[in-house]
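Undergrad: Listed here are the chains, written in short residue letters.
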Amino acid sequence: MNLSLSEDQVLIKESAEKFLNLNYSFEKRRSFLENKKEAYKKNWKNFAELGWLGLAFSEDVGGFDGNINNTMTLMESLGSALVSEPLIFNNLVVGKFFEKFLYVKGNEHLKEIISGEKIYSLLFSPNQNYKNLILDTLIVKKENNKTTVSGKYNFIFGLDEFDYLITPILIDNKIHVYLLKKNIDLFDTRNYETIDNLVVSEVEFNSLELKENSLLLTINKKEFFEKLSYIIDYATLAMCSQALGIIDKMYALTLEYCKTREQFGKKIGAFQVIQHRLVDMHIVKEEMRSLNYMGQLSMEEEQQRIKSISLSKIFLGTNAKHMSQDCIQLHGGMGVAKEMSIGHYFARITTFCSLFGNSDYHKERYAIND
Amino acid sequence: MNLSLSEDQVLIKESAEKFLNLNYSFEKRRSFLENKKEAYKKNWKNFAELGWLGLAFSEDVGGFDGNINNTMTLMESLGSALVSEPLIFNNLVVGKFFEKFLYVKGNEHLKEIISGEKIYSLLFSPNQNYKNLILDTLIVKKENNKTTVSGKYNFIFGLDEFDYLITPILIDNKIHVYLLKKNIDLFDTRNYETIDNLVVSEVEFNSLELKENSLLLTINKKEFFEKLSYIIDYATLAMCSQALGIIDKMYALTLEYCKTREQFGKKIGAFQVIQHRLVDMHIVKEEMRSLNYMGQLSMEEEQQRIKSISLSKIFLGTNAKHMSQDCIQLHGGMGVAKEMSIGHYFARITTFCSLFGNSDYHKERYAIND
Amino acid sequence: MNLNYRDEDNKFRKEIKDFIKSNLSEEVLKKASNGGKYTKDEIVNWQKALFKKGMFASNWPKEYGGCDWNPMQRYIFDQETAFANTPQIVPFGVTMVGPVIIKFGTSIQKERYLPKILNSDHWWCQGYSEPGSGSDLASLQTKAVSEGNNYIVNGTKTWTTLAQHSDWMFCLVRTNTKCKPQEGISFLLIDMNSKGIKVEPIITLDGSHEINTVYLEDVVVPKDNLIYEENKGWTVAKYLLSHERTSIAQVARSKSAIKKLKYIASQETYSNRPLINNVRFRDKLTKLEMDMHALEYSELRILSDEAKGAALGSEASFLKIRGSELQQKISELTLEAVGSFGIIQSNESNIEKTNEYFPGPEYANNVGAEYLNLRKTTIYGGSNEIQKNILSKMVLGL
Amino acid sequence: MNLNYRDEDNKFRKEIKDFIKSNLSEEVLKKASNGGKYTKDEIVNWQKALFKKGMFASNWPKEYGGCDWNPMQRYIFDQETAFANTPQIVPFGVTMVGPVIIKFGTSIQKERYLPKILNSDHWWCQGYSEPGSGSDLASLQTKAVSEGNNYIVNGTKTWTTLAQHSDWMFCLVRTNTKCKPQEGISFLLIDMNSKGIKVEPIITLDGSHEINTVYLEDVVVPKDNLIYEENKGWTVAKYLLSHERTSIAQVARSKSAIKKLKYIASQETYSNRPLINNVRFRDKLTKLEMDMHALEYSELRILSDEAKGAALGSEASFLKIRGSELQQKISELTLEAVGSFGIIQSNESNIEKTNEYFPGPEYANNVGAEYLNLRKTTIYGGSNEIQKNILSKMVLGL
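Protein chains in written order, with this note's numbering: chain A, 1 to 370; chain B, 1 to 370; chain C, 1 to 398; chain D, 1 to 398.
Rather than coming from a laboratory, the hints here were simulated on the basis of the structure. Owing to the predicted nature of the structure, the values given are computational and were not obtained by experimental measurement. For every residue, glycine included, the Cβ atom is placed at its ideal position computed from N, Cα and C. Hints are not guaranteed to be accurate.
[As the list claims (entries may be wrong)] Taking lysine-lysine and the BS3-like style, the derived pairs with C-alpha atoms no more than 25 Å apart in a straight line are:
1. B:Lys36 to B:Lys266
2. A:Lys211 to A:Lys182
3. C:Lys238 to A:Lys266
4. A:Lys111 to A:Lys142
5. A:Lys285 to D:Lys30
6. D:Lys30 to B:Lys267
7. A:Lys42 to A:Lys111
8. D:Lys393 to C:Lys284
9. C:Lys30 to A:Lys285
10. B:Lys266 to D:Lys30
11. C:Lys198 to C:Lys178
12. C:Lys14 to C:Lys30
13. D:Lys30 to D:Lys238
14. B:Lys338 to D:Lys393
15. C:Lys284 to D:Lys30
16. C:Lys21 to B:Lys285
[To be verified] Residues on chain B that point at chain D, a partial pick, calculated with CB under 8 Å:
17. Asn129
18. Glu193
19. Asn358
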């Protein structure tokens, strides 16, 4: 039994923080937001060089040992720097997709994902209650041996810069997974932003032809969703790890503020009511970390995985959300001013609460699987 | 629009408190508990003489104008003195039963109830989720033109001293209400006590014969339950009013304790954390009163009645219960010592949370009726 | 006790309804019901119309041009305007500084300011908070130095709501530094067009421009603009506070917000059933309705006791705490109700506008912004922590 | 990171299981699982058996006769005994005063007390709290006046758990009144059979007799019974506190209580379906499991950091706060789960016994009493408010 950080984790944590403090400060971040496309290219390249894009995958495709603890440690650091590049979607989700569905030694797609040469996206909608999680709203037509697809999708994250779109489609009650290519397979996308400046896309297919040569695999529904569920849980835990980094940071900012802000002739941190609330926050962030570790240690046993990941997501949507509100409150007027960073962390926690199923969705999932 | 206390209410409140401070102090109460039967007789006689047993009923049966605000004001005072005599059951429930089902000018049963000469009880089980609310567990047999009933019942309050038991029974899909008499209609009862020393009875019928001459009325199911629902809501509100009196008292005791108890060289009431918790309690007790008044003002419109009474009961089972726990907490070690009164109030709140449907039951009821 | 509406109450309600219909168009109200914000002109025109109709300044005595409504009338007006989503009356002039001038102003001051407030010709803002003094108002540093018939004012006010629209600011300034903080404060009226005033926007979490920082550099303020006596500003400020009471809980607006939330929850679905039938969601909604009614009946109790002449103390703080919490909780559950569309930025009324297109239903367009924006309610007007300090003194005697 | 059990861990677990089977009968354990309380004899015999088997004093070094288990072994032992509902080891002797004597005691003191603690021949109690000093321990008033080779002790200790069974009490007394409160305190061992000691029961809300008031009148205590130096009692007390850590969270017992709760919820019904399938109930249960796991993994993190030699600070307070809250929440939900039978008095282990008959299922018999009794958990061992004061100093540096 060992729940302490490994040496690898400590190394990853330190190097990530060092890099991000230098290259992803709150000020730098502001400039990134003003020119997202350029920032995305530049940062993605850096992430690849740092080896971050390979952390979750095995050596033979250019990754490391794929240790989940290491990956989640990195996610935490990304959270505390409010990194907006969609690593969860353009690296973890798509990478795990190839790992689970088409793993072959030295898989070329995985290599491209890890090297960062090519950007992959998965057509999937991680919204609050997984409405149209995938496929539900697509209409497939077969006419004079052409197969076309039409339909609209929402909440696709990390699609903005894609080269390839992994597109699972239900045909004859089997899942056909196609790999659509930018500028070759044409479809409409509309981008817009979340309250915390993440880019979301709406995708629309207008009887797009699905060609045989872009078919990656066919698989029966049950197996597909079993494997997808693992991938989604992995991504959910990654998001919860980012949230953990955010909550830790919000706590630190709030503690710092209470130690410096003076009212009534003393630091507001000298008031017992404030002190006890900071203590409550301290406990909440530690509980959040404990549940996060539980999730990391439960990934490989299905029922345990489902239950513990749901607990992490429930905790995020309840106790952690409440704590994020309290952090704003203790900042007083400064808490609602956009020039302060605290509000940006708050907005991201708000977004994360709503993605990958909200707490009610996961309460239901937990109950069914307990 | 007027939500202030009427002159009548002020009078009732003052006289009730005066009487109870004198005759139902915490010490006197302790002696009552040691000899419940005797205390019951004595106190019941006093209540009758004070006119309390007629407060909820009209003049022509020896009552007053039956104004609900007056009744609930009295209930509040009974709560704050932790009165154990089951006025809700042996007065309000049975009285309203005759009022609703068999009202005739100068109804004899009502006169007996109000004068206190005779003790009436209703066979009805106000438990947490109304399991076997009424009738569900009784088996009726008809053999050579005799009708007999068998079965067991629980959570009958106020049965201990009864002369008459109002017994609704389902026969041929109609409700037949019988009036069983002590020592004439024989059945077994077993008494036991709640954690706050209320007497509860378990009733068992062993093929008891139901005689024509004890039949009060027959009525179809739907109408019966509609009227019963009004009676139960009236009783529920009465219990919530007693709870309001208790919560007010717990608040006063806790505030007093915090003003006198010293630790670290000052009154614990001087600590900001304690102050803000007392403020929260103050607000909770005021909100509880506001919802109670809403209930009183909604009794005569069915949907409004159902919704607002359920809100009062939900509030009792959530916010008020939590406050009662906090009152114990602020008393520290003294809070768990039985010699102090605070714990007795706590136990009664605990009991009330469980009776007449708990908060989950009423959340369901509210949702259905909203 | 009773909640009966008398005939005149129902007649009054109808008047209000009719007035709204004849003064605000369907689509304007619709836009507002979807969280769209009113422009300055829309607000001013609404207030002018109300005044013309004799429905303005409900808290002013008749002789000063107010309509001096009874509690029931105010209750009805608040309800009807809230349910119709009309513009809200901007409180700084008519609700706040107006009664102060009536109580403490000289006849000249009354003549000069009251008519312009009544006719909404002057837009007012409140110069209280400063960078260094938020909760601890008495520690304010903005100085007014006497120079002949003028004060020379220097300092910084912040968190100043709608200062960008304002013609006048009522302002707390320090006129004496050699005494207890409270005793050296004066209440000044400052023309926002005076030389030396700079207004800088503060963009809030929702990306909107509602509050400002106001810099005062050697601003010349005639002593005629002093309200009450020099160094007696604290007395004036306390009196003003006691007049925010009725509006502070925002019960009617919260009631209307819950109504909107229930509509949304009937439109949205959860696993193919109306969201409102989902037990988990339903119970959160029920709790909001419980809190709302508890607040509503608390306010009604206070109003009737007030009508009976009972002295009022702590109630403002109680209503402020619960009222602000309720507004936040409603916006939080509404955010949940609209699904993930709640986290998409609005394509309206957003300074740092990034979205041309909003993918969700109209009613979801401003929900995320509203959630972020309403964090302020438990902070402004004296944070809820401060309110609890007040209550523990006043009610508990601690 | 890993949670893997090695072979020796599994072997160890089996040993514990077997030992429980061979030492405690089915029906004894059944009774306990339904909330029945163990008698003094049952507890003592269990502890003696454990010691004989070499499974006692897990926190003592081997050379003193302890078994010096590693964190994993303690974790397994706690889990297995909790799930089996064995008697809980009474902490006052082996967990609390034992390590103190090992650390500060003279060789004579060690010889005199340790063996009797190991063999559970002496039952100990803790003489800390006083009527006037609960949270504020340092203000204690019980005086020990030096007289030759003895101290003459006068004062009152209260809230003294199981003093009615005790042979010895470790006690904080004031030996110097002319200095800072903490500096005048000494740590004394007092023979409960001494002349001048009177033990009076305090009946708690559940009607049971667990705590007492202990009156000390001119009690003669030989100076040999002083632990460490005179006026250094505070140092000793702080060291003792740091040894309660592992047990304080009661994670294993709470886990077992949740297991019982889930069994009850599968037996009870709500509108003809198992209660556990009722969404409202289910979500409350889920929240308990979330809190329990958060606490469990927090404890595990602390244990592994400890095993790695990390210094421990505030964790005890954190575990105490959440552990005690969790115990209360479980009992509260269990009260709900058994329906209204939860408010009926038990017909067992109740001093002011009023019920001969209990109408509900066995598992409901002590549920109400347990709910009332567990109110103590957030109060004793330093109330949770005090724990938060400690945390804000230690962790936040406030």
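Undergrad: Each hint needs a verdict: does it hold in this structure or not?
TA: Hints versus structure:
| no. | hint | verdict |
| --- | --- | --- |
| 1 | B:Lys36 to B:Lys266 | violated, 43 Å |
| 2 | A:Lys211 to A:Lys182 | holds, 14 Å |
| 3 | C:Lys238 to A:Lys266 | holds, 24 Å |
| 4 | A:Lys111 to A:Lys142 | violated, 34 Å |
| 5 | A:Lys285 to D:Lys30 | violated, 39 Å |
| 6 | D:Lys30 to B:Lys267 | violated, 47 Å |
| 7 | A:Lys42 to A:Lys111 | holds, 19 Å |
| 8 | D:Lys393 to C:Lys284 | violated, 37 Å |
| 9 | C:Lys30 to A:Lys285 | violated, 42 Å |
| 10 | B:Lys266 to D:Lys30 | violated, 48 Å |
| 11 | C:Lys198 to C:Lys178 | violated, 29 Å |
| 12 | C:Lys14 to C:Lys30 | holds, 20 Å |
| 13 | D:Lys30 to D:Lys238 | violated, 38 Å |
| 14 | B:Lys338 to D:Lys393 | violated, 35 Å |
| 15 | C:Lys284 to D:Lys30 | violated, 40 Å |
| 16 | C:Lys21 to B:Lys285 | violated, 41 Å |
| 17 | Asn129 | holds, 6 Å |
| 18 | Glu193 | holds, 5 Å |
| 19 | Asn358 | holds, 6 Å |
Violation of the numbered hints given earlier is confined to hints 1, 4, 5, 6, 8, 9, 10, 11, 13, 14, 15, 16; the remaining hints are satisfied by the structure.
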